[in-house]
Amino acid sequence: MELKKAIKYKHNPGGSCASVAWSGIFKHQGYNLSEADIFGLGSGLYFGYCAVGESKLFDISLTSPNIVDDLMINTGVRGKLIQHHNNPDCLNLILKSIDNGNPVALLFNPHYCEGLIRVTPDETKKYLPTHWIVVTGYDSKAKTLTSYDNRQFNPIEISFENFMAGRNTGLFDQNPRNFLYNVLFFDNIYPLETSIKLAIQKTCINFLDVEKIMSFYVGSYGFEKCVRQIRQWNLMLSPDQLQQLLQKIYISSTGAGGIKGGYRNLFSKFLENSASILNMPEMYKIADLFKESAYKWNLFVQKVSEYQHEYSELNWGKNSELSNLLQQIYDLEISGFTSLRRITK
Amino acid sequence: MLFNRHSNLKMNYSNNIAYCISEYINRRYNIAFDERICYLLTCSSGIQMFYRDSALMQDKSVDIKSMDKCYIESFNPLALETFSTNIRAILRIDHNNDLNDIKWVAYDFDNFNSMKTLVLVSSNIFNDKTHTSSHPIYGLVHLPKSIGVENDLDEFRTQTINIDFKVNSSKKLNVGSFCNYWSVSGTDIFNANRYVIIPPKYNDFEKVLPYLLKNSFINQLLIITEGSGRVGSQLFYNLKNDLLNDTASKNLLKHINILQYSFRKGDILGVTDMDKGLLANCFEYLYQLNLIKSMEIVDTLRLSSRAWIDTRDLIKTKKKISIIEITEIYDRLYHYEFLFEQHLKKVLSEWN
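Residue numbers (this note's numbering), protein chains in the order written: chain E, 3 to 347; chain V, 53 to 404.
In short, the hints are calculated from the structure, not lab data.
Note that the structure is a prediction, hence the values are computed from the model and not measured.
Each residue gets a CB set at the ideal place from its N, CA and C atoms; glycine is no exception.
Treat each hint with caution, since some may be false.
Claimed, not checked - Chain E is faced by these chain V residues, among others (derived, beta-carbon under 7 angstroms):
| id | residue |
| --- | --- |
| 1 | Y103 |
| 2 | R104 |
| 3 | L108 |
| 4 | P252 |
| 5 | Y254 |
| 6 | N255 |
| 7 | I270 |
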């Protein structure tokens, strides 16, 4: 290990922490893939609706839980997720990787991400999920690491101590448990045309064919269920519970406030880029559908935000507005995915 | 019909990872998932050359000088990950410590209707005396109900653990010995002690299957055509060229070593033909399901299986092997790999 090491790393801030982190890693390897490209190639677009009636557990998820694994398999990068249970050993591996000139994308407990915590209201911090950052340097004398967070331009210094704590502490959904991808880039990733088609097909399968995974109702099936049930939430939940649910949905659908349009803007941009790579002009029209969907998602999130802050008995009856908006989004997205499947067959 | 699993199949061919995934999903989720479909979705049917100590690594060059520590096989080091993304499942890995992980094994079997746990162990578990390195082998394990999660590891150590590797291949040994082959560190492929696969529920699995298979075949073709020169038919083409350029016969022994090691490695789980016979069964199954139109790919794979078995017989029985013999082997293997790749492309084009 050297005393001090800093990798020359180009960081482009953005809204989706996983996509920004892996875009930086791919760019470092010479592949000019934007945040939107990474999001699309990782089949990141998703709709999941969790509804467990007995325990009154509800949730909405707009990004795929498999985005990084899908990204690796779709692009041909060999990445194997490894869990380390020894904090110092894991830190040493990261330092070794930096010594070899490779920045490391890794999951972090959100409570140790200063920037993220600063902009998140106290009452919603508990809903923040694990957060992707990129570590690009270290100073072994000062015992600090240099890292990049998706929404900030400037690098952040983290002490070794905080880093190790941030890698292996916290509640279940916030503890990265020292998971680390062992990544191996070859000379070339797969031809981009094929990777794009693979990624789109997988996104379509999630939306059109999968009904349920774990406790989440997925894609069109999830939408239909959610549109119906969202009207009933105020009958099934107490005002407090409903307020907490809306807070949770706000965090998951905005990437803790960093993403607009329920990630649909990113997907739309990916489709536009793909349309020119695949020479498929009809894909631009589909990209427009998702742009419209993004606009509706913005309205949806706005309503969610209003309802959670401006509590009154009247507001709880307004869930039908959310339901109507969701129905409109569903109509746009089902049309988008059906067309996408047809043209990328 | 898709869900018949092993019932209508003479399981003279069975594959380690496909068997484990198929059995795991069947037992845990009560979804009968045919081993042949699982095999196709893992994209493990292409020939690749790997380093003995690192299945993730591939050298950029195909220089025989660097092949000393290599071997050939039809293994996808990311088979579990590939399967999971192809089927749209969630894959979770866990590597806590031996005690906690062994307790999970006991807990799962005790509490969840005799569910077996998917694990990864070293091939050295077979007391391999053939000097092969430690290779990853998947297994489905369970512990007898008599031992519970409240016990400590010392109490577990003397218990017998049952491990199934594939059809007609299982092993029993005590937990203490099992742990020696379990948490293997130092190689890039042993990434966890336990795996959890959560498959999705589809609205119509038979309808979506062609899409899943298509994605898998595209992925498989990419693996064997877009890698370095150490994959698919390119590998044998390059190996043969190396032999032809080696006028002083300096490298002949290295070529023989690579083949010898590859077959020794295959012998650990009784694979004699690089799973080409199994792959032929898989495509025959697709033909029966009317998912492919022609048996050409099946016929090619049966011939490829024969070629690998002949090669194995020659390498294992003949004391002196000439350059001409090895060249002929490479020619034959190249021919069938190339044909397989062409047939796979044809299958894909038929689905468009």
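Against the structure, the hints:
1. Y103: Given a least distance of 12 angstroms, the restraint on Y103/V is violated.
2. R104: violated (17 angstroms)
3. L108: Holds, about 5 angstroms.
4. P252: holds (4 angstroms)
5. Y254: holds (5 angstroms)
6. N255: Check passed: Cβ of N255/V comes within 5 angstroms of chain E, closer than 7 angstroms.
7. I270: Since the shortest Cβ distance to chain E is 6 angstroms, the answer is holds.
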